[in-house]
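Engineer: Line by line, the protein sequences are chains U and R. Under UniProt numbering, the residue at position 16 of the first sequence is numbered 16, and the numbers go up by one with no gaps. Under UniProt numbering, the residue at position 140 of the second sequence is numbered 140, and the numbers go up by one with no gaps.
Please note: incorrect hints may appear among the correct ones.
[Claimed, not checked] With a straight-line Cα cutoff of 20 Å, these simulated PhoX-like cross-link-like pairs (lysine-lysine) come out:
#	chain 1	residue 1	chain 2	residue 2
1	U	328	R	212
2	U	340	R	212
3	U	74	U	112
4	U	199	U	240
5	U	240	U	269
6	U	189	U	160
By construction, these hints were calculated from the structure, which means they are not laboratory data.
Letter by letter, the chains look like this.
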Amino acid sequence: MANCLIPDHYPNQIDITRTPLAFGDRAVPRLNRELQNKTTLLTRQRALRSLCDYLHDPEHIASCIEENIPESLKELLSDSDAFCRYKSAECLYVLSCNSNGRRAIVDQGIVKNLSVLFDDKEVMARRNSHKAVEMISEFSFGSEGIVNLNLIKTLVDKLKTELDDIRDLILDTLHFCMQVDTSQALEAKAMEVFTNLLKHESQTIRAKAARDIFDLSIPLEGKNEALKLETIALLVGLLKDQDSVVRCKAALAIEAIAITTPGKYGCIKAGAVPSLVALIDDSLSEMRVNALKAITCLAEAPEGRKALLEDVEKIKKLISDPVPIVSKHAAISVRIITWKP
Amino acid sequence: MAQVLNQNSSGSYTFSSQPRAVQQRKKYKEQWKMQPEDQLNQYGNIMYDRRVIRGNTYALNTLPATSQPDPIEIQRQQEERKRALARRRAKEQARRHTPEPIEGRKHIPIQTELYLEELSDRVEEVDVDVQTDAFLDRPPSPLFIPAKTGVDQATQILEGELFDFDREVKPILEVLVGKTIEQSLLEVMEEEELAALRKQQREYEELRNAEKVEQQRLEEQERRLREEKHRRMKQAADVLRMEKETAEKLAAKAFAKSYLADLVPSVFNNLRENGYFYDPVQRDLETGFMSWIMDSTMEELNSVMVGRLLLDSVLREVVAKRSQDYVELIEKFKEMADQPPVVDELTAQPINEETNNNLDTTMPQEDTNGEPNEASNTGDGNEGNEEMD
Chain U
1 MANCLIPDHY PNQIDITRTP LAFGDRAVPR LNRELQNKTT LLTRQRALRS LCDYLHDPEH
61 IASCIEENIP ESLKELLSDS DAFCRYKSAE CLYVLSCNSN GRRAIVDQGI VKNLSVLFDD
121 KEVMARRNSH KAVEMISEFS FGSEGIVNLN LIKTLVDKLK TELDDIRDLI LDTLHFCMQV
181 DTSQALEAKA MEVFTNLLKH ESQTIRAKAA RDIFDLSIPL EGKNEALKLE TIALLVGLLK
241 DQDSVVRCKA ALAIEAIAIT TPGKYGCIKA GAVPSLVALI DDSLSEMRVN ALKAITCLAE
301 APEGRKALLE DVEKIKKLIS DPVPIVSKHA AISVRIITWK P
Chain R
1 MAQVLNQNSS GSYTFSSQPR AVQQRKKYKE QWKMQPEDQL NQYGNIMYDR RVIRGNTYAL
61 NTLPATSQPD PIEIQRQQEE RKRALARRRA KEQARRHTPE PIEGRKHIPI QTELYLEELS
121 DRVEEVDVDV QTDAFLDRPP SPLFIPAKTG VDQATQILEG ELFDFDREVK PILEVLVGKT
181 IEQSLLEVME EEELAALRKQ QREYEELRNA EKVEQQRLEE QERRLREEKH RRMKQAADVL
241 RMEKETAEKL AAKAFAKSYL ADLVPSVFNN LRENGYFYDP VQRDLETGFM SWIMDSTMEE
301 LNSVMVGRLL LDSVLREVVA KRSQDYVELI EKFKEMADQP PVVDELTAQP INEETNNNLD
361 TTMPQEDTNG EPNEASNTGD GNEGNEEMD
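Isolated chain U (complex conformation) (with noise of 0.2 Å):
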């Protein structure tokens, strides 16, 4: 047993599909080394495997960015292995869920390249490139990013095709970009595709969908566009949804585009006002200011004031709301209701 040979053979790993991190600093050096082998298949993936675990902890993200980790990670996105084109974008998703990584990402242009993996046949490379350019658009300076690339347009074509959990990252991310600008979103007929996606079975995607009408509609043109493709009429329809996300993005869908006089035709004609009175007293705080704010919004139609003159004690009950905000909007509400020329 106890045997003064050196033994010609090291012990086997553990587990062989990661690479063993070195002690201390040397971690990270020899994690890019081994991302940069343009030799071995094997040593690059499983440096990714490791890597992929060792950027969880905050505290090596600093030390990542001075190795020019991402930089390495950029090259392996169009690496011609596909388990290391989605592994590499699973990295550059770990590493925008900090706020240091997202920065080098943004300022290093990995999204261009993020967005490649966009056309990927591989369902998990598209899963991955497209949380982490979600994980991005979170913060102004990566939406910004996103939109000063153009990528707007791809995302919206990519909503009518892609899987459902795709569409829903796709989603989010257009929510924050269009934050930005509204203008390339128009351009690119989302509120067509976003109006066909109210339909959808998902909950969260109508929820999200709703919710993606409410910014695009910031802007005139969004309103118009949305009259124009009668998206009220499935807006009001969704106001009577069982899950009360969708009933309250529902609401701030109709809100923006009850703005306008023709749009609070539109809605008081689809009949938006009994269900929206019917939703003032729901427990979710969001639901109920949403909800008031379209009222007030109908309310300044005379169609609309005649209607809810009905229910302005049901309205005047929730000035003692709570929750600051409901009551300051339910405060506005009646004084539009009961307001006289």
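Got chain U; can you put chain R on it based on the hints?
Structural biologist: This is chain R only, laid out in the frame that chain U set:
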């Protein structure tokens, strides 16, 4: 050769020549022969050089002290050489040659063998080389095992004395589990952080959306109010403008009325004075009928005048003729008076009848026998007279 050797005649037995490239041996003898002789063996072969001493030096017949050779001998040699050259030239001349080509052609060497072969100046060469085999790879050095020293000792170890798995595995497991837990905790914390961020984001968005809608609503309200104001102002301006217009129109109307009040009668007067108002029948009578009736009256009068003139002329003519006839008659009577009176009675009767006829205007019918032209003229005149009546 002589040239080469003569270059350093001062030294006793030294030989040197300028270095030069070895000339390629020609392939064909003919050409080789054509070369001048002294170019062929430019290098000297010291094996045949008389100045190089070989063999025993005891029985050596030394060269004469004078380095200068005998001039007579040189001359003889030169003559001999010249003779040999002349002889060779004569021999060359005597050789049979191919006849000279005729004018305008020239000889060209061609191959007449059965198989053609490439002709070239170069002698064929083949490169052949040889290389030894590469060295074989050096076998790896065997693992160095130091020679065993000392004396072997043995200790008996029973099962479980040295290695207890349960104990030994503990730290390893601790590390493994600890690492895994650490990693998973990190990820869970990350997710929790994200969820918290999302929640905050949602709350913020709730506020933001509500405020945004409120802001847009107020903007829209403001816009509507502004538009309404503009419209009202425009309406008021329109009303004012229209009132002003109406007043202006009324003033203009009054003015026009007053202006036109005395205009109409004066215009009518003026027109009437200028004869713009008239009775059409009267005017027609004045302009059309009266002129016509005047013209036709004048015509009638003219034709009456012409008729009268004609009648006058006819009367004149008749009267003239009658007077002439009477003159002739008188002359006849005068003659008759000289002759018997029977003839007088006869002639007197017709004269009376003729005068009666003349009053009835039937007289010209008798005259027509003699002068038809005049008769027609009188006829016309009579008709005109009748019409006149």
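Engineer: Does each hint hold? Answer for all of them.
Structural biologist: Results for each hint:
1. U/328 to R/212: 14 Å, holds
2. U/340 to R/212: Answer violated: residue 340 of chain U to residue 212 of chain R is near 25 Å, above 20 Å.
3. U/74 to U/112: Holds, because 10 Å separates the two Cα atoms, which is no more than 20 Å.
4. U/199 to U/240: 13 Å, holds
5. U/240 to U/269: 16 Å, holds
6. U/189 to U/160: The given pair, whose Cα atoms are some 11 Å apart, holds under the 20 Å limit.
In summary, the one numbered hint that this structure violates is 2.
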